[in-house]
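Engineer: Following the hints, complete the assembly by docking chains B and C onto the known chain A.
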Amino acid sequence: MDRNQFIKWIESPGKMAHKYSLHAVYFSTGCGIIEVPPSITARWDAERFGVIPTATPRHANLFLITGYVSLKTLRAIIRTYEQMPEPKFTVGFGSCPINGGMYYDSYNTIKHLDRYMPIDGYIAGCMPRPEAIFIAVTHLWTLIDKDMADGYKRYRKYYAQYRANQERVLGRLEWPPLFPLEKVHEASA
Amino acid sequence: MRILWFILSPLIALAVGLFFLGLARKFLARTQWRYGPPIYQPLIDILRFFTQKSVSHGAVFDLGVILSLAGSFIVVLFLPFGGICPLQSSGGLLVILYMMLLAPLGLALTAGEAANPNSSIGVSRMFTLALGYEVPLLLVVLAVMARYDTISIVEIVAAQREGVSNLATFPLVLAGIAYIMILPALLGLRPFDVMQAPQEISSGPLAELGGRYLALAQLQHAVNMFIVVSLFVNLMWGGSSNVLIFLLKMIAVLLFVLWINASFPRLRIDQAIRYLWRWPTLIAFLGLLLVEVMRK
Amino acid sequence: MSLELLMAIALGGAALTYILSGVDSKLRDAVAVIVSLTVATGVALLYGRTAEMTIATGFLGIPVGLRIGPFSWLFAMTVSAVSCLSVIFSLSYMRGRQRTGFYYAMLLLVDAGMLGVVLSGDLLTLFIFWEIMSWSTFLLISFNGGPALAAGMKYFVMSIIGSLSMLVGVVLIYVTVGTLQFAGVAAGLSEAASGYRLAILILFGLAFGVKSAVWPFHAWLPPAHSEAPSPFSAVLSGVLIKMGIYGFLLVMYVALGLKSFFSLGWRVLPVHTILAIIGAVTILVATFIAVIQTDAKRLLAWSTVAQAGYIFLGISFGTAVGVAGGILHFLSHSVFKALLFMVAGAVEYRTGGVRDLDSLGGLIKKMPVTFAAALIGVCGLIGVPLTNGFVSKWLIYKTLIVEGSPFLAFVALIGTWGTVLYGYKFLHNIFLGQLPEKYKDLKPAPFSMRLPMVILALTVVLFGVVPGLPLGVIDSIGSSFGFASIGVTAGGVAAETGTINMINIFAATLIGLILAWLIFRAGARGARVDQSDSYAAGAYVPADKYQYSVRFYDPLQRLMGSWLKDPVDSFYGGLAVRVGKVAEGLRRMYTGLVADYVMYVVLFLAALILVEIVWRPW
Chain A
0 MDRNQFIKWI ESPGKMAHKY SLHAVYFSTG CGIIEVPPSI TARWDAERFG VIPTATPRHA
60 NLFLITGYVS LKTLRAIIRT YEQMPEPKFT VGFGSCPING GMYYDSYNTI KHLDRYMPID
120 GYIAGCMPRP EAIFIAVTHL WTLIDKDMAD GYKRYRKYYA QYRANQERVL GRLEWPPLFP
180 LEKVHEASA
Chain B
0 MRILWFILSP LIALAVGLFF LGLARKFLAR TQWRYGPPIY QPLIDILRFF TQKSVSHGAV
60 FDLGVILSLA GSFIVVLFLP FGGICPLQSS GGLLVILYMM LLAPLGLALT AGEAANPNSS
120 IGVSRMFTLA LGYEVPLLLV VLAVMARYDT ISIVEIVAAQ REGVSNLATF PLVLAGIAYI
180 MILPALLGLR PFDVMQAPQE ISSGPLAELG GRYLALAQLQ HAVNMFIVVS LFVNLMWGGS
240 SNVLIFLLKM IAVLLFVLWI NASFPRLRID QAIRYLWRWP TLIAFLGLLL VEVMRK
Chain C
0 MSLELLMAIA LGGAALTYIL SGVDSKLRDA VAVIVSLTVA TGVALLYGRT AEMTIATGFL
60 GIPVGLRIGP FSWLFAMTVS AVSCLSVIFS LSYMRGRQRT GFYYAMLLLV DAGMLGVVLS
120 GDLLTLFIFW EIMSWSTFLL ISFNGGPALA AGMKYFVMSI IGSLSMLVGV VLIYVTVGTL
180 QFAGVAAGLS EAASGYRLAI LILFGLAFGV KSAVWPFHAW LPPAHSEAPS PFSAVLSGVL
240 IKMGIYGFLL VMYVALGLKS FFSLGWRVLP VHTILAIIGA VTILVATFIA VIQTDAKRLL
300 AWSTVAQAGY IFLGISFGTA VGVAGGILHF LSHSVFKALL FMVAGAVEYR TGGVRDLDSL
360 GGLIKKMPVT FAAALIGVCG LIGVPLTNGF VSKWLIYKTL IVEGSPFLAF VALIGTWGTV
420 LYGYKFLHNI FLGQLPEKYK DLKPAPFSMR LPMVILALTV VLFGVVPGLP LGVIDSIGSS
480 FGFASIGVTA GGVAAETGTI NMINIFAATL IGLILAWLIF RAGARGARVD QSDSYAAGAY
540 VPADKYQYSV RFYDPLQRLM GSWLKDPVDS FYGGLAVRVG KVAEGLRRMY TGLVADYVMY
600 VVLFLAALIL VEIVWRPW
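Each protein sequence line maps, in turn, to chains A, B and C.
FYI, numbering that gives the first Met the number 0 numbers position 23 of the first sequence as 22, with every residue one higher than the one before it.
FYI, numbering that gives the first Met the number 0 numbers position 112 of the second sequence as 111, with every residue one higher than the one before it.
FYI, numbering that gives the first Met the number 0 numbers position 338 of the third sequence as 337, with every residue one higher than the one before it.
Do not take every clue at face value.
With a cut-off of at most 30 Å between alpha-carbon atoms, the simulated DSBU-like pairs for lysine-lysine come out as follows [stated by the list, open to error]:
1) C/LYS580 / C/LYS365
2) B/LYS25 / A/LYS14
3) C/LYS544 / A/LYS71
Just so you know, the hints here were simulated from the structure itself, not pulled from any lab data.
If we strip away everything but chain A, and leave its shape as in the complex, we get (with noise of 0.2 Å):
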């Protein structure tokens, strides 16, 4: 942890700030959250590596994909993560959002969630032990310094891709697509 590194905030505050801020939005996704209270209350106390959960994607810039993500949880999930301010990071947590887990084989579950949104990185386990949950903080920490948690440029480079798998998968999306659709056709064609 390098947050007392003063030479460091001096150089890229930014980054810094994004490190050692990380304010998750509480958003139950799936059974996988029941490891996260544990994590924010006293015993595994996350506050003191800055992360607190907040009610509002508009405050938040970290979004834990806490298990398995239904058909109907997608909607919510990209909604969610359309509302937050950019930079973002996003985890997976569990092996749901990796392979399916252990739904792999059911029709309403989404088995590869990278083909929907952005993910920058996955916590292994059924469920993850909140020390899983801190070391993929610190590694998440690893990818911001070396510009690598980057899944939120990617949407919007590749929206156009994404936002057809998300309507292939879930029928007519109700809002207007988050960025214009016209321009980035262009930027991969």
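Structural biologist: Okay, now just chains B and C, sitting in the frame of chain A:
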């Protein structure tokens, strides 16, 4: 030279307020047997908010947060902090009481423009709570003004210095007790943090605020903490001509309020109003009556 | 321009407008505007003049005349300016409605009546113009028919009771003092017994109390102001109420005079303190009732009652600063209340008559200028610094605190916080929040509606930043009453305890705003989004279902709702029903048979003869 103090004074208030916010989080963490964030965590948060590109819902959305922070800055200019007070004349305590309604009004305009019912409910609770604590607060402040027969806060501080002790001298004890009873409501801390209520109404008025708007709202919260605690120390604890001693007095008051904040759950808004209009109002009313009787 | 010419133009203009309405509506509109503008400029040109003249000597040899001084001039200026702006506002509002000729004629007649009241030189002229004003007001309140008629009747009955009480007072004065000119009345009353002076105060106070809607005579105001056409509501709340205040000032300080007014009553509770307490009760009751209103105009009407309480509190408290504050608050309130009623009228006009706060929302996107004007109006109503409401309220508070009435000061200050509550509710439920689907294509207010709103908004800010402008005139009014001067500077008032310097506060506000804006600019710019991109827990925002405005202050309403039913109104209603029953009983005397009537005559003659035989009084 005076112009310099006009700009430095709000910034000093901002710094002290942010320190208080960090102190609050650290204190809460320690009472809960955990370590908690470092004291400078609010600075990190606000820096992060400033780097995020959020959304705006219109011109009033932008102007509202600016107005709310400006309102708090203006109050700071009239409030003595140790020996510093840029605007000593011009109506004193009355202007402070009046300017204190600019900040909630600005936040309410922003929250209204956000077009979100969570924000509107939060604003309704914020104003209702304000009406709740204003009743005893006004009685307390009027008792102080009647006791020292002036509306200038600088004169009140000076008069207290000539008293026997620096604490609220009799007959202002009742007013002082009532003031302590309503301090958590003024600061928006538990048991009166019903305006924010993240679990109920998604942070109330702040629900749609992100990025720099949230940063300004947090800064306003910090300056508001400074203002409320500083007003209490000036009116009830004699103020001070020394900045350091003033700061220590403020920290003492703040720790007491944070202790209450860490120990109590949240009250519903109607429970809060019922509490505020019952015992603190009664005690403050008796205090005012006592001051009036002793004046005649 | 002489006073008679002014009154002639005002009265003649009303008649001309009515005649012209049969000829051509556009010509009539133009004439109405020209007449009101001429009257307003005429009054403005009379600034600084002091004159008194007699028009005629008529009935019983009593002269009727007009006069002008700083006191009359300030009220006349406010009356004519607000009426003129209201006429301009009516140009669009009344387009395409029925009986518009009658409307304009009555509006100008009310204007003339009010002008006559403030320019009157003796009590008889005052009474004549008072009646003209009351009657034409009644006709205009019930203009829309239906519930407006009931509201108009309520106003009318209470106003007539007041006018009759005033007539009794006028006759009493004439019989005892012998003259009705103000100077003579003042001289005569100063030698009269204190019981007699109290009787005069009560008789005239009843009339002026009904008109200025102090508690408990306020019951007519909420229905009347909400049912009247909106530009006339602006005139009603803006200046008609103030005629009662003018009357109070006349009786208290001109007729009775400073010393004798303050000597009325008992030593521990003088009459002027009782009046101040009545003002405080008005503020308290009306403010909290306004918080739970759901009709935009009714909310503003209750707000008028509360602000009239402030004015009454200021003028009856009895210090120089208090009277100055009360008169300045009259001026400020005229400006921002007329502005707010015009805003309600503009919204009503564009949405097709909708006044219900529970069904509007988000109109800032469609009517931005109206919103800006409403925001400034509400800021003036609350008393945000840099608006005229702040200066006047500050003067009232200062005098209450400095003179040692902290309980009255407490009521006044809590009234301000209640005002914040209902002021914000007015703004939020109409302009902020989500825009309903059916108002998606709303057009902004027409130019002839925006012009008066903008002018009034600018006045609010102007008098807030440079309060020395109106305070100069008000100071001379105070001196003419016999108060010490309050020391007016361009930036405010310099008095013994604590100065208010608006320029200082203005500078502080500017610095605060610039500092906050600079900090704001340091952040990354945000993208502009539409109202459908709002946090809804991951769901898409449901159209027309995402606005919180019904029962906006629900916790307060549930807590205090049972206490906020107006007992005075139900008392008057019950009284009216009982009087009706008594009259119904008396009606049975008229059986319709001539034989019965002959019997009554014979019985009465027999009674007279009996009285003559037994007691021989004649």
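Engineer: With reference to the structure, classify each hint as holding or not holding.
Structural biologist: To see whether the hints hold, each was checked on the structure:
no. : hint                : result
1   : C/LYS580 / C/LYS365 : violated (52 Å)
2   : B/LYS25 / A/LYS14   : holds (24 Å)
3   : C/LYS544 / A/LYS71  : holds (21 Å)
Violated hint: 1 only; the structure is consistent with all others.
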